[in-house]
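**Q** For reference, the chains in residue letters:
Protein chains: 2
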Amino acid sequence: MEKTKKFLLPENELPTKWYNIMADMPTKPMPMLHPGTRQPITAEDLYPLFAKGLADQEMNSTDAWIEIPEEVREKYKIYRPTPLVRAYNLEKALDTPAHIYFKNESVSPVGSHKLNSALAQAYYCKEAGVTNVTTETGAGQWGTAMAFASKAFGLELAVYMVKISYEQKPYRRSLMQTWGAQVIPSPSMSTKAGRKIITEHPNYQGSLGTAISEAIELAMSTPNCKYTLGSVLNHVSMHQTVIGLEAEKQMEMAGEYPDVVIGCFGGGSNFSGISFPFLRHNIKDGKKTRFISAEPASCPKLTRGVFQYDFGDEAGYTPLIPMYTLGHNFAPANIHAGGLRYHGAGTIVSQLMKDNLMEAVDIKQLDSFKAGVLFAQTEGIVPAPESAHAIAAAINEALKAKEEGTKKTILFNLSGHGLVDMTAYDQYLAGDLVNYSLTDEDIAANIAELEKIIK
Amino acid sequence: MEKTKKFLLPENELPTKWYNIMADMPTKPMPMLHPGTRQPITAEDLYPLFAKGLADQEMNSTDAWIEIPEEVREKYKIYRPTPLVRAYNLEKALDTPAHIYFKNESVSPVGSHKLNSALAQAYYCKEAGVTNVTTETGAGQWGTAMAFASKAFGLELAVYMVKISYEQKPYRRSLMQTWGAQVIPSPSMSTKAGRKIITEHPNYQGSLGTAISEAIELAMSTPNCKYTLGSVLNHVSMHQTVIGLEAEKQMEMAGEYPDVVIGCFGGGSNFSGISFPFLRHNIKDGKKTRFISAEPASCPKLTRGVFQYDFGDEAGYTPLIPMYTLGHNFAPANIHAGGLRYHGAGTIVSQLMKDNLMEAVDIKQLDSFKAGVLFAQTEGIVPAPESAHAIAAAINEALKAKEEGTKKTILFNLSGHGLVDMTAYDQYLAGDLVNYSLTDEDIAANIAELEKIIK
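If you're matching them up, the sequences are chains A and B in order.
Oh and the first sequence: position 43 is 43 in my numbering, straight run, nothing missing.
Oh and the second sequence: position 274 is 1274 in my numbering, straight run, nothing missing.
Don't read these hints as lab results, they were simulated from the structure.
Backbone N, C-alpha and C fix where the C-beta goes; we use that ideal spot for every residue, glycine too.
Any given hint could be a false lead.
As the list claims (entries may be wrong) - In silico DSS-like cross-links for lysine-lysine, where the CA-CA straight-line distance does not exceed 30 Å:
no., chain 1, residue 1, chain 2, residue 2
1, A, 126, B, 1003
2, B, 1151, A, 3
3, B, 1370, B, 1408
4, A, 126, B, 1092
5, A, 452, A, 354
6, B, 1408, A, 77
7, A, 370, A, 400
8, B, 1003, A, 407
9, A, 249, A, 402
10, A, 249, B, 1196
11, B, 1249, B, 1092
12, B, 1284, B, 1370
13, A, 77, B, 1092
14, A, 249, B, 1077
15, B, 1407, A, 151
16, A, 407, A, 288
17, B, 1288, B, 1408
18, A, 77, B, 1400
19, B, 1287, B, 1408
20, B, 1151, A, 402
21, A, 6, B, 1408
22, B, 1370, A, 6
23, B, 1408, B, 1092
24, B, 1364, B, 1408
25, B, 1126, A, 3
26, B, 1151, A, 408
27, A, 77, B, 1077
28, A, 370, B, 1077
29, A, 28, A, 407
30, A, 3, B, 1077
31, B, 1017, A, 3
32, A, 249, B, 1006
33, B, 1402, A, 151
Stated by the list, open to error - Just the calculated beta-carbon pair ranges, DEER-fashion:
no., chain 1, residue 1, chain 2, residue 2, range
34, A, 199, B, 1370, 54 to 64 Å
35, B, 1012, A, 440, 52 to 62 Å
36, B, 1370, A, 167, 26 to 36 Å
Input sequences plus hints: build the corresponding full structure.
**A** Dropping the structure here:
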């Protein structure tokens, strides 16, 4: 009998609502605080920066289900529903009794899951009468997603791209420009924040923190302009739940239910997207699925960080966020999985971690690429260096199942492909990459400093 | 009512047979000739070079339907059936009454339709007990497809990659290496043909002709080794008919039948793949669909070439092929659609063209990129520069329908995405690209020379 490899949903099964896990959490996250007053912030505090619809979703969503606007669903249809795939060829290579499934978000035209939130954010900006939007991008995945989403909803986008990425990842820049966005290497002379840092450090290669400051400043000083952000925030994670909601139906088509759900972890949005819809059945229906976030060993906020209030950005402009963090001044090693180089985790995931509703593992850089190459050679798709962390974690679980001789159903999120990141594979194949290790002392010192800043 | 954008076939509707149009052609193509004896060549003549199953398909296929081996179908399931998509957003941008559909072959893990034949060729090599295979690649699409296909069937692959592409398209090289292939810049010191040309022209940047010679030489001098080719030949076009066979069922799901079918044209394989299954209904059932090949204005073999016997390669090693050609010594301008820079058309397409069963149009480079950018901005997918020629032709047909105020159903093949070709878009957006024009005198002179060679 022929085996089914891909489980496809028809378009009319595209989710009509996002899932807001906040409504079902046994312990709600602590509030974000205004850095000056130390009082909980409100949606109104966010209105100057974010489109109203998004600020309201961030702060005031109490319902478990939030309607997806029809215009967003129409754009989702360009690539959604995405396939759920049984990784038979990988299973065979591992000789494991485990069944491995992956949700293939790499089929989005921008190559990653980021478009799920970018389209929603562009829609709410458009709806609010906004004409111009700004954002920042590090590795470039979020910037490309916002570039296409802005074009799709008729918005003008300015992207501050970390200067070193602007130079090292020219294809990402070209993609954004092809979709009509203006891309500015950061630091730039177009903002006060940029000018200041260029003046002080003429050769500064940029950081996500600086790029955020520039994007925020431009949004605040431009009429009809709002800022957008690609991870960490609650509304971003909520938009990503279309991943897990589709996967839930598709696992049913496959006649299985996952014992383990895995996502790589940067700010948390793709992990949240694949996990939260299944996690609700742990919370509400007594299911016992394990949820594993796979973070890089060089940026181990969930496995080795602390839970406390910290800033979301390097410069300390954001509200104080209750999060697992390595300290907002933590400088992660220059690994190729640029999307995972973030010091903290969003409030929801942090609370879930604290409540033992999920787990975290760390993956070394060389192990992530080893897993990525095996996946490419068996399943065909060259994964993004970020997604390769999820694959490595899935392989570890599959090998454990083999050792224990137990059947296990593993589901991971393939958040994106690596076609625009081939330099990283080149360096790996040439033996030029290394593992970065962090001593406990390094981490403790960084956190101690943090505790002095945030009393 | 919600509109359906993507028409998806379940895996059990994957075609079980390839369509061999040769069986239904009103006039069969003239035979290929041995360059020495000028006698028709036989399958046996091809056995030293090609796996037996492929040589037999090339020369001895009389049935209209050829079974697709189950092992090939299993690998096809990694990405097939591919979606048929209604380009609503493009239609809207053009304000046309035409309905535009495209078959999305860019979802293959190698990014193009080339994998449809690569998997079949690797399978027949494996079946014949072959352990090593060789091929050449110019722009890199075919080489990447053979790299993954070889890995999928456990073969060792050596790819001769035209030296200038090897240097200018490093991502393609990386992809091949990630899938485990050995990639050699051509000309190389590993073959007599390569050594000769390097000795005579130390700075020679390579050509497809030289790379073919090297790949053939290595295959002929290595035990258990065969050569593979990505276009032009009959068996390659036949493997590509899975595209049109799926599209036929999907157009039925959409409740329409194409008035026009369009493919870009290099050697002919993707055009054949989308066209032949529909063309059979013109031949057998009196349908009146138009079939349009879109070739670059700088390499216009079908629109401005002659029909006569010519060599398939630059050096004149292949059999003499009855084809529309600009002369095997024709040097096309250095356009970015590298996959369309070929002097001739395969025997089947040439005969169909001669019999007025299809049409050809030529597209200028700047028009192809203009179409490519509009497509990216409306439908999201950045097309390969090759595929942008088909898009430009489809847009022309849609605008004609608008002018005439007629409804028209257009189907084109999106043969691949352009994510690894962003340099080309950079140059287009910067205004650095040009149109290349060919005078009638240039073409006539080249063909006159050809007629002296091949009497």
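**Q** Going through the numbered hints above, which ones does this structure break? Give me the numbers in ascending order.
**A** 8, 10, 12, 21, 22, 29, 34
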